[in-house]
Amino acid sequence: MGVVCVFACPVPEGKSGQQVVDGLQKQVEMMGATKSGNFLVDCETYQSNPQNVTQTPQQCVVNILHNSEHPASCFSVTESGQILVSDLLFEDLMSKLTMAKAGRESFYSQRKGFKIESRGQRYEVGDFIIKIGSVSLASNFRGILIEVEYCPCVILNECWNMMKELLQSMVGNSAETPPPVLKHKPDTVYTPSDTILQYLDHFNNFRKAVSAPPPSR
Amino acid sequence: MADNRLDTQIEKLTQAIKLTQKLRASVTKVFTDLSDGFQAPKGDEKALLNKLQKSLTAVNDNLGDLEKLAPNIHSTTNIPPLLLNSVGLLGLDPATDKSGITTQLHHTHKWTNKVHKLGDYTAQFLGTNQLKRTNQGPAGQAKRLRRPEPTIHRIPENINIQQLVASVDRAYADMSVSLIRPMGNSTVLQITLAKTLKAVIVLRGLLIEYVSIKAYSEDFLTDDGRPDIWSKSKYQVFNKVTDLVTAGTIHFYHPQLPDASLKSFLIWLNNYKTLFSAPCSKCGKYLQGFLPPIWRDTRSSQPLHDGCRQ
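In the order they appear, the protein sequences are chains G and H. In case it helps, my numbering puts the first sequence at residues 1 to 217. In case it helps, my numbering puts the second sequence at residues 1001 to 1310.
Any given hint might turn out to be false.
To be verified - Subject to a maximum C-alpha distance of 25 angstroms in a straight line, what follows is the list of computed DSS-like cross-link-like pairs (lysine-lysine):
| hint | chain 1 | residue 1 | chain 2 | residue 2 |
| --- | --- | --- | --- | --- |
| 1 | H | 1263 | H | 1273 |
| 2 | G | 164 | H | 1195 |
| 3 | G | 35 | H | 1232 |
Source of the hints: derived by calculation from the structure; they are not laboratory data.
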């Protein structure tokens, strides 16, 4: 487990998402990377039903994320950024909470059409792991996310310059500064939760962009 | 069949032991007689000589018997005396004995010892005969001659390794050095350098014998929690660093000043705390072949890529 940086790759006008993904994959293979399977990061959103929660009148939102890099874990993130890492059994608890019972509404309900995921090819080169994922929101293509992991290091600030060199060859100038989610902890030991927070941040951006016209396919 | 052979073997061994005891007894008799003096009337020297000759012949006969028997007994181990403590016992295990690994191990051990010893002597001689035009005079010579003998792997009495390690540990805040003695005499240094790497150094006396470097997130344990210093790191970069640091131990090796050699090696190792954060001092880049600058110059401590070293 090393330091992970996730960046969005812009899709230029007149090009389809698949073309850009193919171009990136070719580029990574040219660098000497070898394929090492597929990956998937998915996110589902649940919201509380206000009539069952009397203390807080406003709706609470919980995002449940999975990462194929940590297949036995389930990450739950609240709106304020609080993160809970648990076993996959947490899913069962969540499904209980979403069941309506005895005429009462359930505590939580799943938001329809909010399931978002990033899925694609995983590559390994040297001590780096590169993942090129295409993001789809309710099975509509939304954009491209590139994840680069440097495994031997655990401090972001130490290896950021190295990662920047690698990332800038792929995503250009958007990798000028470290991901904004990680700004508050540049010198502490990196954890898998930080990866999830980065993905959630990107997923939220993609969801916000839904109102804007989707990129051409 | 095999039992039969074993029986005869054991019989021969017992016989040999008995003969050895007999020989010992006769030799002891000769020496006690000689030291205590013979009880014989004066002037009867001939009888005395006869007596001595008789006991000497007995010794000779016994020795002859034993020598006759000796070729029939096969040695259980073809290692000369058990010089290597517990390693020597390896040779008694018939399974490993067949592969001949113990003998090879023993030879290698002796060979390295010899190389170290010769290296030490060479260094000593070269040290006293520096190719300088100006003669340093007898004062300098005498001073140099007073240096301790080559130590190889013996710690000189005036050096306390615990104090040495503690002084390095105190001097560098981001480098924690701890000393453990897992099997009594051998010394292992465990080093954690900032949040960058972990290292294990095995010492024989003050001589660095083995270095292993792993990531901060890795540990020197097997899956079931037993200590394991021999396994390699999962990461390419640390395997390369281990190779280069092992080469560095040879650079810092100094037979006459083993403590300074260890200390300067540890100070040099401290430079690796910027393994991921420092750019190459030659090409100014961070990555080369997906590896950071993994070499630290032994003089200037500048970070360099493996390919930029020339």
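Comparing the hints with the structure gives:
1. H:1263 with H:1273: Roughly 17 angstroms between the alpha carbons, so the hint for residue 1263 (chain H) and residue 1273 (chain H) holds.
2. G:164 with H:1195: Holds. Residue 164 (chain G) to residue 1195 (chain H) sits at ~20 angstroms (cutoff 25 angstroms).
3. G:35 with H:1232: holds (24 angstroms)
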